[in-house]
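Protein chains in written order, with the UniProt record's numbering: chain A, 1 to 279; chain B, 1 to 476.
Just to be clear, a hint being listed does not mean it is correct.
Said to hold, decoys possible - Listed next, with one range per pair, are the computed distances between beta-carbon atoms:
#, chain 1, residue 1, chain 2, residue 2, range
1, A, 22, B, 11, 57 to 63 angstroms
2, B, 21, A, 40, 49 to 55 angstroms
3, B, 288, A, 71, 24 to 30 angstroms
4, B, 189, A, 178, 40 to 46 angstroms
5, A, 249, B, 100, 54 to 60 angstroms
To be verified - Here are some chain A residues the structure puts well away from chain B; computed CB gaps all over 12 angstroms:
#, residue
6, 77
7, 92
8, 105
9, 240
If you are wondering where the hints come from, they were derived from the structure by calculation, not from laboratory data. Virtual Cβ for every residue (Gly too), placed ideally from N, Cα, C.
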Amino acid sequence: MGLFSKFVAKLKGTTSFSSSDWKELEEELLASDLGPTLTRTLIEQAKKVKSENAESALTAILTDQLSTHSRKPLVNPHGLSVTMVVGVNGTGKTTSVAKLASVLKASGETVLIAAGDTFRAAAVDQLHTWGDRIGVQVISGKPNSDPASVAFDAAQTAATSGVNNLIIDTAGRLHNKTDLMAELEKVKRVVEKVSPVNEVLLVIDATTGQNGLAQAKIFTESVTVTGIVVTKLDGSAKGGVALAIEKEFGIPIKWVGTGESHTDFSKFEPAAYIQGLLS
Amino acid sequence: MFESLSSRFTSAFGALRSRGRISQSDIEKTCAEIRQALLESDVALSVVDSFVARISEKSLAVLPTVQSGTNQGQVIFDIVNAELIEILGGQARRVRFAKKGPTIIMLAGLQGAGKTTLAGKLAKFYADQGNTPLLVASDLQRPNAVTQLQVVGESINVPVFAPESGNGVGDPVKVAQAGIEFAHAKQYNMVIVDTAGRLGVDENLMNEAVRIRDAVKPDEILFVVDAMMGQDAVRTSQAFLDGVGFDGVVLTKLDGDARGGAALSIASLTERPIMFASTGEKLSDFDIFYPDRMASRILGLGDVATLAEQAKKAFDGDTSAKLEAKFASGEDFTLEDFLDQLQAMSKMGSMSKLLSMLPGSAAMKKQIDNFDEGEIIRTRAIVQSMTPTERRDPKLLNGSRRARIALGSGRAVTDVNNLVDRFSAAQKMMKQVRNGAMPAGMPPGMPAMSAPKKSVVQKKKSKSGNPAKRAIEEAQ
Chain A
1 MGLFSKFVAK LKGTTSFSSS DWKELEEELL ASDLGPTLTR TLIEQAKKVK
51 SENAESALTA ILTDQLSTHS RKPLVNPHGL SVTMVVGVNG TGKTTSVAKL
101 ASVLKASGET VLIAAGDTFR AAAVDQLHTW GDRIGVQVIS GKPNSDPASV
151 AFDAAQTAAT SGVNNLIIDT AGRLHNKTDL MAELEKVKRV VEKVSPVNEV
201 LLVIDATTGQ NGLAQAKIFT ESVTVTGIVV TKLDGSAKGG VALAIEKEFG
251 IPIKWVGTGE SHTDFSKFEP AAYIQGLLS
Chain B
1 MFESLSSRFT SAFGALRSRG RISQSDIEKT CAEIRQALLE SDVALSVVDS
51 FVARISEKSL AVLPTVQSGT NQGQVIFDIV NAELIEILGG QARRVRFAKK
101 GPTIIMLAGL QGAGKTTLAG KLAKFYADQG NTPLLVASDL QRPNAVTQLQ
151 VVGESINVPV FAPESGNGVG DPVKVAQAGI EFAHAKQYNM VIVDTAGRLG
201 VDENLMNEAV RIRDAVKPDE ILFVVDAMMG QDAVRTSQAF LDGVGFDGVV
251 LTKLDGDARG GAALSIASLT ERPIMFASTG EKLSDFDIFY PDRMASRILG
301 LGDVATLAEQ AKKAFDGDTS AKLEAKFASG EDFTLEDFLD QLQAMSKMGS
351 MSKLLSMLPG SAAMKKQIDN FDEGEIIRTR AIVQSMTPTE RRDPKLLNGS
401 RRARIALGSG RAVTDVNNLV DRFSAAQKMM KQVRNGAMPA GMPPGMPAMS
451 APKKSVVQKK KSKSGNPAKR AIEEAQ
C-alpha cells in the first residue's frame, strides 16, 4: 500500500498516528527529496488535520506549497517567441529542447533551434540528429565557438525567416562557476539585441537532491528563470526538489520529461505530480 | 562539494570546543546538528540515523575517561573523523588489474551521470601512467554518444573502438564483445566500456547491461553517480547492485556546490567503495578518491595531501632541477623562471580549486569563489610580451620598453610597473634567503604547503601580482 493511502487510512480510523508512524512519514517525505525544511512544515500541518476527508485535506496541504504563477508557456503573441533552455550538466537540456520543439511543431507552430552548447563534445551533432528526426531546422556554429554568437545568428535567422519560435540550447554549467554563469548572461543579453527572451526554462533532473534549490536560486539570479522542466520522472526518483523550488522561489514547473522518445514530454499536471510524490 | 557540510561541522565543533566540560546534553546537541546537516546534504535518513547513533554512543563511552573539555572536544572530533572515513569506504582502493590480458572496466549509471566524459578521464588517467587503454563505444542509445566518445578519445590520443554509429542502431552487446576481441588482438592492456545511461527501474535495459557484463567479463564494474543526486541514490544504487552489480563507485561533478550526501548513502548502503572522483570540465580533472582526505575536507581540515601531489605532477622534474641548480649556483631568479612557474601553476588547475584544498578554506569560500583566475593569464601576458633579454635582465626595462610591453599585453603601463616592482622586491628577498635564511626542507618548485591562513586571505584581497608573489614564494 502506498504511503498516501496508508496515511489516509490511519487518519480516518480511530487509532491515532503513533510516533513511529510520523517517523515513517518523515522518512518517506525525505526520500522524495522534499528536503528537511519542507518535510518539517508538511508534518506540522499534517498533525493538525482532523478532517473526515483526510485525503483532500492532505492534497490541499501539498497543493498549497505549489507556486501560484501561471504554468502557461510565456510567448510573444505577435511574432517571434524566444525560449532559452539552461541547467547544470547532464540534466537533459538537449533532449528537452528537441522534445519541446517537437511539441510546438505538432501544435502547428514553426520552430527553429539554436545549438548553443558549443562546449560538450558532439552536443551539436546530437541536436542535429534530433532535428532530423523531428523535422526542425537546427542552426549551429563551429565547435568551441562563442555560444552567444551562435544564438545571435539564430535569432537573426529566426527574425528574418518569420518562424514563431526559437529555442536556444545552452551548454551545461555548474551554477557555482561564475565565469560560465557570466557567459550565460551574455547569451541572453546578445539575443535580446534581436528579440526579447520570453521564457527561460531551467532543466532539473528528477534525481537531483537539495542542490536543486541552489541551482534554481543562482540560475534565476543570473538569467531570471521563468519555468522549470523536470526530467527523468519515469525513473524511481520522484523529483520532490521541484516542489521545494516552487515553494521557495515561486518558479512554476511547466514541463515534465518521462522517457527517451521525443513524445515523452508533457505539460506539468500538479495533481498527478503530488499523487506521484506520495505513492 | 562538501563545503556547506564542512561549514556546518566546523560550527558544531566550534561550539563543542568552547565548552569547559562537555556534558551529555552537549553531545546530544552536536549530534542533532550533525543530523540536520547530513539530511540537508541528501544523505539517506537510515544512514544518517545510524551514523549519528554510533557517534553519540562512542562519544558518551569515551567522555568520562578524558579530563579537560578541550581534550574531550578533540576526542569527539577524532571519533567523527574516523566514522566519516569508515562510511566513505575506509582505505582508497585501486583498480584490480587482470593477471592476464587486458584489464576490463565497464561503466554503468543513470542518464546524464557523466559516463562518457568519465570514460575519457579514466582512459587519460591510466594512459598517463603508461597503460594502453582502448575505449569501447557501447552507448548506442543516446544520439551521438559515439561521436562524443570519438571526439574525447581523439583529444587524449586514446583509440576508440566504434564499429556502430549508434543513434539507436546496433547491438551494444556485440560491440562490447568485439571490442574485447579487438583489444586482445592488438594487445591493449586496458579496455574501458562506455554504456548507455539507464534507469534503475528499466528492466529491459538492465538486462542489456547484464548481457554486456556477461559478454565482456569485466574486472571492475564502476557505478557512475552525479554528486548532486538526491535520496533516490538509495533506490537506484540498490537497483544497479541487484541488476548488473558493481564493484566501485565514481563520483562526478564534484566541483559543483552539491554536498554529495548521496555518495555517503551509496558507500554505506552498498558497501562498495568510492574509487574515483571527477572534479571539473577538463579531462585531467579526475583523481583517485581518498576517503581520509575527503573526511578531512568535510571537517574543514583541508586536503593538503592532494595539493602536494598535484604540485609534484605539475612541476615536472626538469623545471625543478633547473631551478635548484640555478639557486645553488647563486644565479638570479629571472622573469623567465617566473614564467615557467606560472605555466606549471596553471597546469595544476584553477587557483580557486587549489585554494579550496587549504586548511580553513571553508571559512573563505566566498573569496575563493570570486578569485579572479584571469589575473594569472594577464600576468603571464605581460611577461610574454617582453623579449628574452628583458626577461633575463629586467633592469633594461626603461619607459619606452615598458610602454611597448603594455601595448603588447593589452595592459596599462602601471600594471607592467607593478609587476616589475614586485618582481625585483621578490628577487631581493630571494637573495637574502640564499644568504642564510633558507627555510628548511622546501625543495624548489614546491608550493608553500603550510601557507598560513592569513597570507592566503591577503593574496585574494590585493589581486594584481599576487600570483607573482605566490609563485616566487613557491620557488623557495
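Is it the case that residue 92(A) keeps its Cβ farther than 12 angstroms from each residue Cβ in chain B?
Its Cβ does come within 12 angstroms of chain B, the nearest being 6 angstroms, so this is violated.
Can you tell me whether the CB distance of residue 249(A) to residue 100(B) sits inside 54 to 60 angstroms?
This hint holds: roughly 57 angstroms between Cβ atoms.
Could one say that the CB atoms of residue 189(B) and residue 178(A) fall in the range 40 to 46 angstroms?
Given range 40 to 46 angstroms: holds, Cβ gap about 41 angstroms.
Minimum C-beta separation from residue 240(A) to chain B exceeding 12 angstroms: can you confirm that?
Violated, since 8 angstroms does not exceed 12 angstroms.
With respect to the beta-carbon atoms only, verify the hint that residue 21(B) and residue 40(A) lie 49 to 55 angstroms apart.
Violated: the Cβ-Cβ distance is about 32 angstroms, outside 49 to 55 angstroms.
Distal placement of residue 105(A) relative to chain B, Cβ over 12 angstroms
holds (18 angstroms)
Verify the CB-CB distance for residue 288(B) and residue 71(A) against the hinted window 24 to 30 angstroms.
46 angstroms Cβ-Cβ, so the 24 to 30 angstroms window is violated.
Would the non-interface assignment of residue 77(A) survive a Cβ cutoff of 12 angstroms against chain B?
holds (33 angstroms)
Just tell me: holds or violated, for the beta carbon distance of residue 22(A) and residue 11(B) against 57 to 63 angstroms?
violated (28 angstroms)
In terms of the numbered hints stated before, the structure departs from hints 1, 2, 3, 7 and 9, listed from lowest to highest.
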